Amino acid sequence: MKFTVLLKQTPDTAELPKITPEQALAGNQGVTKVVNPWDEYAVEEGIRLKERFGGETVAMSMGPDEVDEALKSALAMGCDRAVRLWDESFEGSDVWGTALVLAKGVEKDGGADVILTGKMSVDGNSGAVAHGVACKLGVSLLTQVAKIVDISDGMITVERLLDEGRETVRAPLPAVVSVVKEINEPRYPTFIRIRKASRAKIPVLTAADLGLSPDQVGAAAAKVKWTELVKPPAKKREVVIIEGETPEEKARKLLDYLMNVEKVI
Amino acid sequence: MSILVWIDHFGGKVQSASWETLGKARSLADATDGRVAVAVMGTDVRDIAEQAIAYGADVVYLYDDPVYEHFRLEPYAAAVKDATTSENPALLLFPATTRGRDVSALVACQMDLGLAPDAQEVSFQDGKVLAERPVYSGNLIAKVVVETTPAVVSLRPRTAPMPEADTSRQGEIVEKGAVIGEDAITTQVLNFEEKAVGEVSLTDARIIVSGGRGVKGPEGFEPLRELAQLLGAAIGASRAAVDAGWISYDHQVGQTGKTVRPDLYIACGISGAIQHQAGMRESKIIVAINKDPDAPIFQIADYGIVDDLFKIVPALTEELRKRLD
Ligand SMILES: Cc1cc2nc3c(=O)[nH]c(=O)nc-3n(C[C@H](O)[C@H](O)[C@H](O)COP(=O)(O)OP(=O)(O)OC[C@H]3O[C@@H](n4cnc5c(N)ncnc54)[C@H](O)[C@@H]3O)c2cc1C
Ligand SMILES: Nc1ncnc2c1ncn2[C@@H]1O[C@H](COP(=O)(O)O)[C@@H](O)[C@H]1O
Numbered sequence: 001m002k003f004t005v006l007l008k009q010t011p012d013t014a015e016l017p018k019i020t021p022e023q024a025l026a027g028n029q030g031v032t033k034v035v036n037p038w039d040e041y042a043v044e045e046g047i048r049l050k051e052r053f054g055g056e057t058v059a060m061s062m063g064p065d066e067v068d069e070a071l072k073s074a075l076a077m078g079c080d081r082a083v084r085l086w087d088e089s090f091e092g093s094d095v096w097g098t099a100l101v102l103a104k105g106v107e108k109d110g111g112a113d114v115i116l117t118g119k120m121s122v123d124g125n126s127g128a129v130a131h132g133v134a135c136k137l138g139v140s141l142l143t144q145v146a147k148i149v150d151i152s153d154g155m156i157t158v159e160r161l162l163d164e165g166r167e168t169v170r171a172p173l174p175a176v177v178s179v180v181k182e183i184n185e186p187r188y189p190t191f192i193r194i195r196k197a198s199r200a201k202i203p204v205l206t207a208a209d210l211g212l213s214p215d216q217v218g219a220a221a222a223k224v225k226w227t228e229l230v231k232p233p234a235k236k237r238e239v240v241i242i243e244g245e246t247p248e249e250k251a252r253k254l255l256d257y258l259m260n261v262e263k264v265i
Numbered sequence: 001m002s003i004l005v006w007i008d009h010f011g012g013k014v015q016s017a018s019w020e021t022l023g024k025a026r027s028l029a030d031a032t033d034g035r036v037a038v039a040v041m042g043t044d045v046r047d048i049a050e051q052a053i054a055y056g057a058d059v060v061y062l063y064d065d066p067v068y069e070h071f072r073l074e075p076y077a078a079a080v081k082d083a084t085t086s087e088n089p090a091l092l093l094f095p096a097t098t099r100g101r102d103v104s105a106l107v108a109c110q111m112d113l114g115l116a117p118d119a120q121e122v123s124f125q126d127g128k129v130l131a132e133r134p135v136y137s138g139n140l141i142a143k144v145v146v147e148t149t150p151a152v153v154s155l156r157p158r159t160a161p162m163p164e165a166d167t168s169r170q171g172e173i174v175e176k177g178a179v180i181g182e183d184a185i186t187t188q189v190l191n192f193e194e195k196a197v198g199e200v201s202l203t204d205a206r207i208i209v210s211g212g213r214g215v216k217g218p219e220g221f222e223p224l225r226e227l228a229q230l231l232g233a234a235i236g237a238s239r240a241a242v243d244a245g246w247i248s249y250d251h252q253v254g255q256t257g258k259t260v261r262p263d264l265y266i267a268c269g270i271s272g273a274i275q276h277q278a279g280m281r282e283s284k285i286i287v288a289i290n291k292d293p294d295a296p297i298f299q300i301a302d303y304g305i306v307d308d309l310f311k312i313v314p315a316l317t318e319e320l321r322k323r324l325d
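Chains B and S, in that order, give the protein sequences.
Numbering follows this note's numbering, with no gaps: position 120 of the first sequence is 120.
Numbering follows this note's numbering, with no gaps: position 201 of the second sequence is 201.
Keep in mind that the hints were calculated from the coordinates and are not lab data.
All values reported here derive from a predicted model rather than from experimental measurement.
Every residue gets a Cβ at the ideal spot worked out from N, C-alpha and C, and that includes glycine.
Keep in mind that a hint or two might mislead.
[To be verified] Calculated lysine-lysine pairs in the BS3-like style (CA-CA distance at most 27 Å, straight line):
| hint | chain 1 | residue 1 | chain 2 | residue 2 |
| --- | --- | --- | --- | --- |
| 1 | B | 225 | S | 143 |
| 2 | S | 13 | S | 176 |
| 3 | B | 18 | S | 143 |
[To be verified] Computed spacing ranges between beta-carbons, pair by pair:
| hint | chain 1 | residue 1 | chain 2 | residue 2 | range |
| --- | --- | --- | --- | --- | --- |
| 4 | B | 199 | S | 196 | 48 to 54 Å |
| 5 | S | 191 | B | 55 | 24 to 30 Å |
| 6 | S | 196 | B | 215 | 49 to 55 Å |
| 7 | B | 22 | S | 191 | 45 to 51 Å |
| 8 | B | 185 | S | 308 | 29 to 35 Å |
| 9 | S | 43 | B | 235 | 44 to 50 Å |
| 10 | B | 27 | S | 165 | 44 to 50 Å |
| 11 | S | 11 | B | 259 | 32 to 38 Å |
| 12 | S | 172 | B | 55 | 53 to 59 Å |
| 13 | B | 32 | S | 196 | 39 to 45 Å |
| 14 | B | 172 | S | 292 | 50 to 56 Å |
| 15 | B | 248 | S | 127 | 55 to 61 Å |
| 16 | S | 292 | B | 88 | 47 to 53 Å |
Chain B extracted, bound-state conformation:
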């Protein structure tokens, strides 16, 4: 079996509130970067699948040189290989451009039985790259996956976490599986593995390698363009601290505000 994990390098969540529109437009320059938190669960699941079913787990990402750091984290956790996809022409890709590059990357790498992604990226927030990759590859798509029950006879069975409950579904392989946090607890890499991963040479596939022309990817091909990036309006007012002698008095006062002033109850 072959498992390919698609991971993105994103800003550290603790720094997200500090990022300016200028930094964001310049590719998050000057910001600490990590593996997208959702994708850590995808990496962990990719490694567990290999442990359960045998085979190989590959970490793949589209992005510039610095993304090697994120791929090395995946290697340190236990992925067998990493592949980076990058070309100047990929710059400014929208979700479908990104999905096309990743789909071609998976194909060029010899295909995969299960392609794992996170639920969404903490910067792009589109939660749609998985859909795009499944669509471009023409394979099954399973989202919100909280458990991989089984893989056998060319089929994958998973549990999906929905608002109304938990669904068990089966679909044919290959499949793109996007995971939620409940699926596992990502492991910490060992010191030895971190050292080994830090020396890894990660191959890069370019537009030419993937057979992609500049009009298919990047800003030129984007079907959605950002016209402006702004900070949301600041918080409207100061907090009102409710004082009182007893809990009952505080409760009364708070309910007065919520029922009579704000009218939210």
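On the provided structure of chain B, position chain S with the ligands as indicated by the hints.
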């Protein structure tokens, strides 16, 4: 000009975000002399088509067939594409619920259309669709232009007002059946374990009572549940409470949980870490109950009580019960 709205429902129960989205489409159409079409899929869902007319649809494409019994992407995407071909809309609008986000993304990719997911605003300008969507986990807002016709946009729940139903409105229902048959569908639903009845879902909730590490254990959620029940509220939680195993993950609010925007969010024993704020900052009114006056939650709260939640929450329940009697 026409707008096609997809209606999300679970076993015939419509998500309120669907009607909000339909209301938004109606106001956009009214401003441009356009019309609103709706696509409904399911089994025995004619009443949803009728409700859609009451909420503002001019025409409803009704896909009523056993093939739509369970939500599966293959038949649902096929039906949305079929409705798009029939209606030829300028905008495909979806509620950004879990199913809405899935089907909108797949349809957009299959039809090679631009997608603006989880938008908080959508408008027309010079024949193009503009949208505003939170990015960087709500820390920045991207204004985007969709370069394709139709454009595909999903609208974040609780950003547009709930419209009034008008049962005297007239509209047309176009009966459509299965677009693809069972033999062409590869996904099989083997089981569905429904959530306990009466539990309010976080996405739809008008009020959320949320607990963090300060509730100290699984039983610490009990007083919160009592209050929530009186308020008709959903129960939220911080990651600390979920990771400790006190409550299940589907209650988690924040960066790696759900993003919510209720009218009222009551945070009990939650410090207000940036990753928690990412999921609830957009709530209309935030109340924080925390022993620590320096907890960051007070920086984004509208009302704060610096006290023990185990004293305040029961007092709130008690007082509310008196007022409701
Ligand atoms: C990548 C990443 C993703 C994350 N995603 C999320 C996420 O989705 N959601 C999330 O919530 N967190 C998330 N976190 C974790 C986040 O950083 C915080 O660790 C977490 O939110 C803390 O939860 P808490 O406020 O319940 O606990 P604490 O920070 O420990 O706060 C507990 C609070 O309870 C108060 N308290 C204690 N006892 C009482 C009492 N009796 N009465 C009143 N108050 C009391 C204390 O004063 C304290 O302020 C994420 C972190 C990372 C790194
Ligand atoms: N540049 C990228 N390289 C590899 N995987 C990506 C990239 N962008 C997004 N993904 C994957 O797609 C998921 C959803 O991302 P998004 O659609 O941007 O919210 C992420 O969690 C990743 O698993």
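Hints and how they fare:
no., hint, verdict
1, B:225 / S:143, "holds, 8 Å"
2, S:13 / S:176, "holds, 20 Å"
3, B:18 / S:143, "holds, 19 Å"
4, B:199 / S:196: 48 to 54 Å, "holds, 52 Å"
5, S:191 / B:55: 24 to 30 Å, "holds, 27 Å"
6, S:196 / B:215: 49 to 55 Å, "holds, 53 Å"
7, B:22 / S:191: 45 to 51 Å, "holds, 50 Å"
8, B:185 / S:308: 29 to 35 Å, "holds, 32 Å"
9, S:43 / B:235: 44 to 50 Å, "holds, 46 Å"
10, B:27 / S:165: 44 to 50 Å, "holds, 47 Å"
11, S:11 / B:259: 32 to 38 Å, "holds, 34 Å"
12, S:172 / B:55: 53 to 59 Å, "holds, 54 Å"
13, B:32 / S:196: 39 to 45 Å, "holds, 41 Å"
14, B:172 / S:292: 50 to 56 Å, "holds, 53 Å"
15, B:248 / S:127: 55 to 61 Å, "holds, 60 Å"
16, S:292 / B:88: 47 to 53 Å, "holds, 50 Å"
The structure is consistent with each of the numbered hints, conforming to all of them.
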